[in-house]
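> Take these sequences, add in the hints, and give me the full structure.
Chains as they are written, first to last, in my numbering: chain L, 1 to 251; chain A, 1 to 260; chain S, 1 to 644.
Don't take every hint at face value.
Some chain S residues near chain L, calculated using beta-carbon distances under 10 Å [claimed, not checked]:
#1 Q65
#2 A71
#3 S278
#4 K279
#5 V505
#6 N506
#7 E507
Worth flagging that the hints you see were computed from the coordinates, not collected in a lab. All C-beta atoms in this analysis are idealised placements derived from N, C-alpha and C, irrespective of residue type, glycine included.
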Amino acid sequence: MNLTLKVWRQKNADTKGKFVTYQADHVSPDMSFLEMLDVVNEDLTKKGDDPIHFDHDCREGICGACSLHINGRPHGPKQGITTCQLHMRTFKDNDTVVIEPWRAEAFPVIKDLAVDRRAFDRIQAAGGFVSVNTGGVPDANAIPIPKVIADEAFNSATCIGCGACVAACKNASAMLFVSAKVSQLALLPQGQPERYRRVQAMVAQMDAEGFGSCTNTGACEAECPKEISITNIARMNRDYLTAKLIKQEEA
Amino acid sequence: MSNFAKTFSSSLGKKLVMALTGLFLCTFLIVHLIGNLQLFKDDAGQAFNAYAYFMTHFTPIKVVSYLLYASIIIHAIYALIISIGNKKARPVAYSVQAGSQNSPWTSRNMGILGTILLVFIVVHMGDFWWKYHNAELPYAKYEISLDNPNNIQVSELPYDANRLVHSEITDLQARKQVVISKDLYKIVNNAFQTWWYVLLYVIAMAALSFHLIHGFRSAFQTIGWNNSKYLPLVRFLGVWVFGVLVPIAFAAMPLYFFFK
Amino acid sequence: MKLDAKIPEGPLAGKWSKHKFNLKLVNPANKRKYTVIVVGTGLAGASAAASLAELGYNVKAFCYQDSPRRAHSIAAQGGINAAKNYQNDGDSVHRLFYDTIKGGDYRAREGNVYRLAEVSVNIIDQCVAQGVPFAREYGGLLDNRSFGGSQVSRTFYARGQTGQQLLLGAYSALNRQINLGKVKMFTRHEMMDVVKIEGEAKGIVTRDLITGEIETHAAHAVLLCTGGYGNVFYLSTNAMGCNVTAAWKAHKRGAYFANPCFTQIHPTCIPVTGDHQSKLTLMSESLRNDGRVWAPKTVELAQKLRKGELKVTDLKEDDRDYFLERKYPAFGNLVPRDVASRNAKEIVDEGRGVGASGIAVYLDFAEAIGRLGEDAVRARYGNLFDMYQQITDENPYKQPMRIYPAVHYTMGGLWVDYNLQTTVKGLYCLGEANFSDHGANRLGASALMQGLADGYFVIPYTLGDYLATIGPDAVDIKHIAFEDAKKSVVDRVNHLLSLKGTKTVNEYHRELGHIMWEYCGMARTEEGLIKAKGMIRELREDFWKNAMVSGTNNEFNQSLENAGRVADFLELGELMVDDALNRKESCGGHFRLESQTEEGEALRDDDNYAYAAAWEYKGDNQAEVLHKEELVFENVKLSQRSYK
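Structure representation (structure tokens):
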């Protein structure tokens, strides 16, 4: 099939970008979306043009490197997958496909479709851990955890840090990401000693990074490739407000 | 900054303010609605005028009403602050954003809906609250038979600056109760004879419906009150009580007077 | 140089304890005077960086990804082994040791493997303490499953994404140290060279992938935790960015490269669909716990299936050949990876392959669905089934999956001693990047174990010994060695950028991949390997003449990044072929057609090849020199692996 691509091209963070139209012909429906872009890039390279830059790595939906806002939706039109798992059979012959980078103040464009998502790392570094050193920990089975709790913590932990939640949110809010990270440890007994300190530190960093506020539209949940629930957001809100308004210790 | 100042300047703190003021306004709507149901009583507005007097002159209610005005203002100002922040969080907009495919329309348009409601509240308060308090309104005199409370004689008294807003005298000899009230009912009745004014109210109530379908439930999410056992109840109340019942009941009032 | 593995003397079970006692310690007050460079932030790198920083060392960590969390350890699905014996089914440290040595076809060191089994139990404790959400039983205790041909249930798992959960655990420990200022993290930085002063590693040269700046970083020791080189095959289950560059540069600076031809081909991958394909997707081999592998009995039936004249679901039971169950009644579908892969290849070579291309066999869940019900199968493998359907557009609940082996892991890597030090002093190598623990074949759920063992529990001890020896004096970044190394990197980058030929780098990579897969893949012959060597040389020469690399250095330039990596693969490929040529026996993942039993199984030659082949670089386009580290087996009896 043949497609018209409207791709955001931007040389670097300091220059203004614009849409450039490319023709992608003879696209196989078995290709992944990124493989389709690979083919376009091979052509561009051969013509002496700069290939389209985009982040990608594992190409199996787990590393969270790939992004792309495709026809108005992060990771494209299908739910529960990343762009690298999107196959061209999702599109129809002669479709026009608009490809944009994630747009957020906190995710500045590096080049073309690649953005800087280190804000997520900084939020994690602010408190997304249990303070245990290597060695000197109890036996793994010394801490029984009810299966439902372990499963729920796992559901939160499936976040791959791709940033689709921010990209989808009309406010560019990072609440789903942060709350998933906060929730995983807030649910588990291992996370309790630092539970309230953690949520305050991570929210403070989230605010400092310039993400927007949550208005509970649920777009993040709908677009999350790992289908993480906004229940996490409520849980984080509760913990944060408890920490700020009820807990006495300056934990 | 103090702990509280820090809390309420954080993104989550601001949202808490929105949620709490919003929920408070929701409870007010219920009270307001129950009171306004007096309009449907076939007593030429006697009960409604008595209710209006009670609401404006009973001290605890007055205190609450000032809280209410404050809530409306804070809710609107915080909405503005949050919206500006959200705008800044995405300086370059998408050229295509398919919001309809991932989120309900109401949730994405709370600002527009809220603005409609704010305009409505200003108009509404100007026409009724302001006039009731400040304008030279005529009085309604109700003579109610003690033997048959449904037998009410109404007559109009002109404005008199010295007259009490509301007075009740029971004349046992004449077997009747005489009630004289500032006649807000008449103002209401007159206002709702104009089609565009009625339309404004109906539109505002539609906005209220959409605002609350998202807003009520959203407030609970923001507070973190999402116990899965009670969440269905919150959803039910949000949609059917605050999204359907309350706006329809309110919208029925202007329509009632218009078609009466 | 004679290779000294530094395996401690004495009984196997006491070696590590004894060694730990004999290692020198760094005074706590002095630790903050040392700087350690960690390249790569996968399981090995992140765990090492975090653990060393916890001890008090200053750590500089580097990764080419935009976040340390994206390292390819994240993609491991199945699980991690540990000799906890929580299931009371007869597991022990010694059994895990034995299984790993045997699974590696007796081409790994006893001492290393025993230590790996020994610390495996600590890993699980550590991960749980960090909040890694392993699967649990209803009683709240950890669940285990049997995995990859193991006869005990010792595999801990987190649904289908154990790798991600373990990496996020290590990443969180790393983040804690970043927050404390003990680790300085450099993302989107690629290591371009090792800097040596007086024979010892004292730093690295990196390229900032955004600005193109070539930087030098000094340290008292350098740890390479840079993963495997499976992408030399172009198509593999590795991430697109996985590369050999860091290890290869170290090799060129004097680190021996051991057993490069030992690559693992994973049996349960989704088959190739066409030339556009950029990578292969693996499905956890836990699928083989319930799925049955089969192919049509005859070539005719296979042809009909390929043409679509016959539907797979219509094929009669009698016409199906459950070849693994038939040939290996004891292990059935659970034979080790190399055996399962090779048998699939045999089927395809016989013309009995299925799918449009004929390069696949079936993995069938009909029997499991009948036995357990669709819901139970969905609960176990739902995410894998969804993934399969997403990619192939076929519903595996209704018809068998098509699978075919793909390159998945490289057992070979930089030669290291018991302390994980390479042949360059001060240069260490951890995780998949080294060669040490898996011999000629890695067992399922052992890669995660090794990465974390090296990072959490080995290097924090062994590195101290070296650091205590050299003392805490600061490394002079102004030393001429840094300048020289930087210059050679700049020259190479400029050389690459000057290539304005007619073929894209990807085309070279794909061609190299074809050569490697064809001649140095699942089955190898002397004739094929000799041919491949010539082809790779030609391809490499052509690359430096006709490749095209776009853009400039001072920008985000993925074309340049890729060119540098492929150029290194073109050199590594030849060494792999050399190694495969040298090793005339079959063992583990290395199958020489000339060396097989009458039944067609891999035939080892312990008399002549019970050694690790460590190759020394001698200069561009010069033959590398082989050094042999003889493997001593005192605790296991070498036997022909049999899974019948």
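> If any of the earlier hints don't hold here, list their numbers in rising order.
none
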